[in-house]
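With chain A's structure known, arrange chain B on it following the hints.
There are 2 protein chains.
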Amino acid sequence: MVSHGKARKDASNPWKFAILRAVSSLFLQVCRGQSVVRPPVWMMRQAGRYLPEYRELRSRYDFLTLCKTPELAAEVTLQPIRRFRMDAAILFADILLPLEAMGAELRFVKGDGPCFPDPIRCREDLGRLHRPEVEATLGYVFKALREVRRELDEATPVLGFAGTPWTLAAYLVEGGISKHHAHLLSWSYRDEAGLRELLDRIADVSIEYLQGQIDAGAQALQLFDTWGGLLDAERWQRLARPSVLRILEGIGDQVPVIFYLRGGAHLLPVLGELPVTGLSVDWRQPLDEVRRIVGPKMVLQGNLDPAALLGTPEEIRRQTHDLLRRGRSSADGDVGFQGHIVNLGHGILPMTPLKNAGAFIEAVQHADEIFT
Amino acid sequence: MVSHGKARKDASNPWKFAILRAVSSLFLQVCRGQSVVRPPVWMMRQAGRYLPEYRELRSRYDFLTLCKTPELAAEVTLQPIRRFRMDAAILFADILLPLEAMGAELRFVKGDGPCFPDPIRCREDLGRLHRPEVEATLGYVFKALREVRRELDEATPVLGFAGTPWTLAAYLVEGGISKHHAHLLSWSYRDEAGLRELLDRIADVSIEYLQGQIDAGAQALQLFDTWGGLLDAERWQRLARPSVLRILEGIGDQVPVIFYLRGGAHLLPVLGELPVTGLSVDWRQPLDEVRRIVGPKMVLQGNLDPAALLGTPEEIRRQTHDLLRRGRSSADGDVGFQGHIVNLGHGILPMTPLKNAGAFIEAVQHADEIFT
Numbered sequence: 001m002v003s004h005g006k007a008r009k010d011a012s013n014p015w016k017f018a019i020l021r022a023v024s025s026l027f028l029q030v031c032r033g034q035s036v037v038r039p040p041v042w043m044m045r046q047a048g049r050y051l052p053e054y055r056e057l058r059s060r061y062d063f064l065t066l067c068k069t070p071e072l073a074a075e076v077t078l079q080p081i082r083r084f085r086m087d088a089a090i091l092f093a094d095i096l097l098p099l100e101a102m103g104a105e106l107r108f109v110k111g112d113g114p115c116f117p118d119p120i121r122c123r124e125d126l127g128r129l130h131r132p133e134v135e136a137t138l139g140y141v142f143k144a145l146r147e148v149r150r151e152l153d154e155a156t157p158v159l160g161f162a163g164t165p166w167t168l169a170a171y172l173v174e175g176g177i178s179k180h181h182a183h184l185l186s187w188s189y190r191d192e193a194g195l196r197e198l199l200d201r202i203a204d205v206s207i208e209y210l211q212g213q214i215d216a217g218a219q220a221l222q223l224f225d226t227w228g229g230l231l232d233a234e235r236w237q238r239l240a241r242p243s244v245l246r247i248l249e250g251i252g253d254q255v256p257v258i259f260y261l262r263g264g265a266h267l268l269p270v271l272g273e274l275p276v277t278g279l280s281v282d283w284r285q286p287l288d289e290v291r292r293i294v295g296p297k298m299v300l301q302g303n304l305d306p307a308a309l310l311g312t313p314e315e316i317r318r319q320t321h322d323l324l325r326r327g328r329s330s331a332d333g334d335v336g337f338q339g340h341i342v343n344l345g346h347g348i349l350p351m352t353p354l355k356n357a358g359a360f361i362e363a364v365q366h367a368d369e370i371f372t
Numbered sequence: 001m002v003s004h005g006k007a008r009k010d011a012s013n014p015w016k017f018a019i020l021r022a023v024s025s026l027f028l029q030v031c032r033g034q035s036v037v038r039p040p041v042w043m044m045r046q047a048g049r050y051l052p053e054y055r056e057l058r059s060r061y062d063f064l065t066l067c068k069t070p071e072l073a074a075e076v077t078l079q080p081i082r083r084f085r086m087d088a089a090i091l092f093a094d095i096l097l098p099l100e101a102m103g104a105e106l107r108f109v110k111g112d113g114p115c116f117p118d119p120i121r122c123r124e125d126l127g128r129l130h131r132p133e134v135e136a137t138l139g140y141v142f143k144a145l146r147e148v149r150r151e152l153d154e155a156t157p158v159l160g161f162a163g164t165p166w167t168l169a170a171y172l173v174e175g176g177i178s179k180h181h182a183h184l185l186s187w188s189y190r191d192e193a194g195l196r197e198l199l200d201r202i203a204d205v206s207i208e209y210l211q212g213q214i215d216a217g218a219q220a221l222q223l224f225d226t227w228g229g230l231l232d233a234e235r236w237q238r239l240a241r242p243s244v245l246r247i248l249e250g251i252g253d254q255v256p257v258i259f260y261l262r263g264g265a266h267l268l269p270v271l272g273e274l275p276v277t278g279l280s281v282d283w284r285q286p287l288d289e290v291r292r293i294v295g296p297k298m299v300l301q302g303n304l305d306p307a308a309l310l311g312t313p314e315e316i317r318r319q320t321h322d323l324l325r326r327g328r329s330s331a332d333g334d335v336g337f338q339g340h341i342v343n344l345g346h347g348i349l350p351m352t353p354l355k356n357a358g359a360f361i362e363a364v365q366h367a368d369e370i371f372t
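In order, the protein sequences belong to chains A and B.
Counting in the numbering used here, the first sequence runs from 1 upward without gaps.
Counting in the numbering used here, the second sequence runs from 1 upward without gaps.
A couple of the hints might just be wrong.
[Stated by the list, open to error] Computed beta-carbon distance windows for the label pairs:
#, chain 1, residue 1, chain 2, residue 2, range
1, A, Asp322, B, Met351, 19 to 27 angstroms
2, A, Arg49, B, Thr65, 35 to 43 angstroms
3, A, Ser59, B, Asp200, 41 to 49 angstroms
4, A, Lys110, B, Leu64, 28 to 36 angstroms
5, A, Pro242, B, Ile177, 43 to 51 angstroms
Calculated from the structure, these hints are not laboratory results.
Computed from a prediction, not measured in an experiment: that's the story for all the values here.
By construction, the Cβ of each residue, glycine as well, lies at the ideal position given by its N, Cα and C atoms.
Chain A extracted, bound-state conformation (with noise of 0.2 angstroms):
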C-alpha cells in the first residue's frame, strides 16, 4: 500500500504519475497530455472470442483456468498483440474474480455467463463476506501481469484493470447477469446504509488488488462500471461514486487511470468531474460531444460502435477517420493528435471478422497518412 488522498491533478502539471515507466509509448505520452502523431488504439476485450487462436486455447481450457493459469492468462494477453500490434495490451482476466476472493463462489455457465449461487442481497449476508489475503488468492493475476511486461517492448503498456463496486454488486447482489437488477436496486432503496457497506467493503479489496496489480508492472489501470448508467446523476453520485473515490484516493497517483462507463448520457456532466486522468465512453455520443460536455481537460477514450466492425472494411475506414476527426477536434492546437485513445464503445463482438479488426486498427495507425 502507498500513500493515499492526494488531489489526482493540479492546476499547473495535471498529467503528472509517480511511475511512467514507458516515455516512448502513444498511449503513455496522451496520459500524459502530450502531442502525438498519431492517436494510440487498442480495443477492449481485444483478448478473446473473435481470435481464432484465443478460440483454440478456449477449446481446451475452461474461461477461470484461463484466467487463474499466469502463462494462459499471459499468452491470451499477447494474442491480439503478436496480430495487430495494438497501442496497449490489457490483461485477461475477469472483473468478478475479487469477488470470489471474497468468499463467493463463482461459476461461468455456458450460455448463461458468470453466476454466484449464493448471492449477497441484504445487510446479514456480507457475513459470508470476508476480507482476503489478495497475494494469497489473486496472486496468479500479478504473475500473468509480470509474464506480460516481460514480453512487451517499451512501446506497448500494459493495463491492469477492476470492475467499480456498484458494477461488482451488480453481479453479486443479482446473482449474474440481470435485466432489471431488481435485487439491487431494491436492497438500494431499501437499505442505502447495507449497500453502502458492501461497497466500500469491494473498494477496500479492490484498492489492494489494483496496488497488485501496480507493483506487477500495470502501467494504467482500467475502471469499468458497467451498470452505472442503471442510476440517475444524483443516485449515482449518492450510491456509486463514493466507493470509486475511496479507490481513487487509495492507489493515488502513481499511473494514469480511466474510467469506463456504458450508457451513460445522462451522466457525462457528473463523471467529468472525476479525479482520473480519462473516460472512456460507449458509442451513444460522437466523441466531440462528449467533450464539449465533460470540458478540455481529461483524455477521452473510444468509441466506435463494436457492430460498425460487423460492417465492410471500407465503412470501417470511413467511420474510423469520423472518430479520428472528431477525437481530434476535441484538443487544443491542429499540430498532432492530444487527448484521445482510439477504442471501441464497448467490447469488440466475438462474431467480428478479423479483416475488420485489422481495419479498423490499421486506420488508425495511419492516422498520421491521412490528416497531414
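What follows is chain B alone, placed relative to chain A:
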C-alpha cells in the same frame, strides 16, 4: 383506414384531435393541454404479475392464450383499474403479436421470454414475411379493446399500443431477447436499405393494427421504442425514425400518441422534435431536466424508477411528491397541473408489493391536497 399525412400539431391549436370521446378524463385533458386539479397516473405493465389476481389467471392459462382470448385479455386489462382506479387502462397484449401475424413463429419460453425460432436476418429472409389481413389475424385484440371500453366509465380512457418497427425488429432479427443485438446492428451496417425495408413493412402493418385499435375504442396510443437507445442520435434519425414517422402519418391526428423510449438520454433533443403528443421517459433523468431539453410543448409522461416501488411506502410517497413537483415546475403557470402524466420510468416489477403500488397511485391521487 382514414386520412393521413397532416401535420400532427399546428401552432395555433396544438392539442386538437379528431376523436376525443371523454372530456372528463384527466388523461385526455392533459393530452389536450388543459390544466387539471391533479395529474393523471397509470403504470406501464400495470396489468401484470405483481397482481395476485393476474397470477391466479396466469396459473391457468399460458401468456399467449391470455393475449388471444378477448374476454381474458379484457379481464386482465381491468384488474388493476378495479384495484387502484388508475386514470387510464392499457390493453393487455404483447408488442410482438403483429410479427406473428406477419408469419414469424412466436413462442414464449418460461424464463427466457419471447423467442422467434426462425429469425429474419437479411434481405433474403424478408420473403418469409407477408402482409397479413389484420382483422383476421389480430382481431382478438380489437375484440378485447371493445370489451374493455364497454366496462370502463368515461373518466378512464383505454390506451392502445404498438412497438416501434425498430424495437420489433430488435426481437425478430435477434430471435428473442439479446445482450448485444449483434445481428440487428450487423445488418444495419451491412445492408441498411434491406433493414429499412423490414422496418417499413412492419410500419405498414402497424398502421392498420393501430387503426383497428382506434376503431375498437382506443382513445390514445403509446408507441414503445424499448431498443431505440442502442443507436446514437444520427443513426436513430436515419434508421429508426422514418418508420415511426410513417406510422404517425398513417394514423394521423385521430387520438393522442405518446412515445416511450428507454435509455435515450442522448436522444432527447431529437425526440423533442417528434410530431407526437407526449414523450414517456425512463427514470434516468429528472423530469424538469427532460423538460428543459425537449421544450414546453410536449406532454411528459413518467418517470419514477420502478425499483423505487420496492422501497418503503413512506419513501415512495416522498419520491412521488418530488416527481410531482418536478413535473409541475415544468408546466406554465402555478395553478393546477399541466403537461404531466405520472407513470413509472419502465414497467412495474413483478415483485412489487401491492401496498407499494398503492402508495404510489394514491400519492398522485391526493396531489391536490399536497400542493394547495
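Going down the list of hints, with the structure as the test:
1. A/Asp322 / B/Met351: 19 to 27 angstroms: violated, 45 angstroms
2. A/Arg49 / B/Thr65: 35 to 43 angstroms: holds, 40 angstroms
3. A/Ser59 / B/Asp200: 41 to 49 angstroms: The hint (41 to 49 angstroms, Cβ to Cβ) holds, given that A/Ser59 and B/Asp200 are roughly 43 angstroms apart.
4. A/Lys110 / B/Leu64: 28 to 36 angstroms: At 29 angstroms between Cβs, range holds.
5. A/Pro242 / B/Ile177: 43 to 51 angstroms: violated, 33 angstroms
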